[in-house]
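Its first residue numbered 28, the sequence shown is counted upward by one per residue in the working numbering.
Derived from the structure by calculation, the hints contain no laboratory data.
Check each hint, because a few of them may be wrong.
As the list claims (entries may be wrong) - With a straight-line cut-off of 25 Å between C-alpha atoms, the simulated PhoX-like cross-links for lysine-lysine are: (1) K430 / K353; (2) K353 / K78; (3) K31 / K231.
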Amino acid sequence: MLIKNICCIGAGYVGGPTMAVIAKNNPHLKITIVDINQDRIDAWNNDDLSKLPIYEPGLADIIKETRGKNLFFSTDIDQAIDASEMIFISVNTPTKTYGKGKGMAADLKYIELCARHIAEVAKTDKIVVEKSTLPVRTAEAIKSILHNTGNNINFHILSNPEFLAEGTAIEDLLNPDRVLIGGESEEAIEALANVYSSWVNDDKILRTNLWSSELSKLTANAFLAQRISSINSISELCELTGANVNEVAKAIGMDSRIGSKFLKASVGFGGSCFQKDILNLVYIARSYNLNEVADYWEQVIIMNDHQKRRFSDRLIKTLYNTVSGKKIALLGWAFKKDTNDTRESAAIYVADHLLNEQANISVFDPKVPHAKVQTDLNYLNTRTEAENEAGVISVDSPYEATKEAHAIAIMTEWDEFKGYDWHKIYANMKKPAFIFDGRNILDKTNMEHIGFEYYSIGQ
C-alpha cells in the first residue's frame with residue numbers, strides 16, 4: 028500500500044512531536060495534524076514559535092523547518108481523513124471519572140468517537156494506527172466499529188505505542204530504543220515500518236501481534252514506575268536509620284543487572300502515563316479475576332501516594348504542626364523538568380494538602396502559567412474555585428515567591444533552581460527558614476552553611 032498522505036487526529040503531547048519528527052525525516056509525505064480544539068491548532072500555527080502549545084527542547088526548530096512544507100495543522104478533520112492513506116489516532120485516554128471502572132479503567136470515549144468518525148468519512152482503504160496509551164484489546168473495539176460500516180472498505184488496524192519521555196521527546200523520537208508495531212496485516216505493518224525506516228535502523232523496528240504491542244506499552248511504564256516506588260520506599264527507611272538514599276541508589280545502580288536509571292528518590296512520580304497505565308493494568312487484571320496480579324501492581328501507586336502525603340505531612344510537622352496563615356513557596360509545578368506538562372504532578376497533591384491546612388501558597392515555575400495551576404487544583408474538586416484562587420498565587424520570579432515565606436518546597440528538578448542566589452533568598456525569608464527539597468537537587472552542606480533548615484528525601 029503506497030503511503031503519500033498521513034493524518035493524525037489529536038494535536039497533543041504525542042501527536043505534535045511525533046508527526047513533526049516523521050515529517051522532518053519523510054519530506055515526500057504530506058502530514059496533517061487535526062484537532063477539534065481551534066485554540067490549540069492556532070497555537071501550532073503561530074508565527075511566534077515560543078507560543079507553541081507544547082514546550083519540548085528541539086521541537087520549535089523542527090516545526091520551523093517542516094510547517095507549511097509537508098507538515099500542516101488544521102481543524103478540518105473530514106478533509107484530512109478523506110485525503111490520507113494512513114491515520115494515527117492520538118487522542119486523550121484519561122482514567123475514567125465516572126461509572127464502571129471509575130478511577131481505574133481508561134476512558135475510551137474519545138477513541139471510539141474517532142473510530143466512528145473515520146468510519147463515516149472514509150471512502151477508500153485506510154491503515155489506522157493507535158498511538159494513544161491504551162488498554163489491551165482496544166484495537167478489537169476499533170476494528171469492530173470500522174469493519175461494521177457496511178461500505179466494503181478495508182481498514183487495517185495497527186498498534187504503535189509511543190515510548191516518549193517528556194522533556195526529551197524529540198531526542199527519544201530521533202534516536203528511539205525501539206519502535207513497536209503490532210498488527211495482523213503484514214502489508215500494513217511494513218507500510219508503517221517504511222515511514223520509520225527513513226531514520227530508524229530496521230533492527231530497532233519490532234513487529235509483533237496486536238496484543239503484545241498494546242500490553243508492552245503498559246508493562247514498560249509499570250516497570251519504570253515500580254523502580255521509582257521501590258527507591259522511594261527505601262528513602263523512608265534511610266531517613267530513620269541514618270543511611271543516605273543517594274548513596275544506596277548509586278551502589279545498587281552500579282550493578283549492571285539493575286542499572287542506574289529511574290532510581291532517583293523524590294516526592295513521587297507524576298505525568299500522564301505512569302499512574303494511568305498501572306491503574307489500567309490493575310483494572311484489566313481484576314477483570315480477568317487475577318487479584319494477586321492486580322494487588323501487586325496497585326502497590327506501586329499506593330507507595331507513590333504515600334510518598335507525596337509523607338512529604339507534606341513532614342513539612343507541616345516540622346513547621347511546629349501548623350501552616351495556617353503561613354506563606355509556603357512551591358518551586359516548580361510541572362511534573363518534571365523541561366516540560367510544561369503538569370498532569371498528575373506531585374505539586375498538585377502537596378498544594379492541595381497544604382491548602383486543607385490553610386497555608387498561603389506562592390508558586391513559581393519557569394514554564395507553567397497561573398491559569399494552569401488553578402485548573403489543576405480545581406480539577407480535584409476539593410474546594411471552590413474562589414478558595415483555590417485565594418489560597419494560591421503564581422509569581423514570575425523565585426525571589427518574589429520565596430519573600431517572607433516560612434518554607435520552600437522544591438517540587439520540580441528544574442536545573443535553574445540550583446543556580447539561584449540562595450543567600451538572597453535566605454535573607455528575605457522568615458526565620459527559621461526551611462527548605463524541603465522534594466527532588467534532592469540542592470547541596471545539604473551548602474544550604475545549612477547559609478543558614479537554612481534543610482530537609483531532603485531519604486537523608
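Of all the hints numbered above, which does this structure not satisfy? Sort the numbers upward. 2
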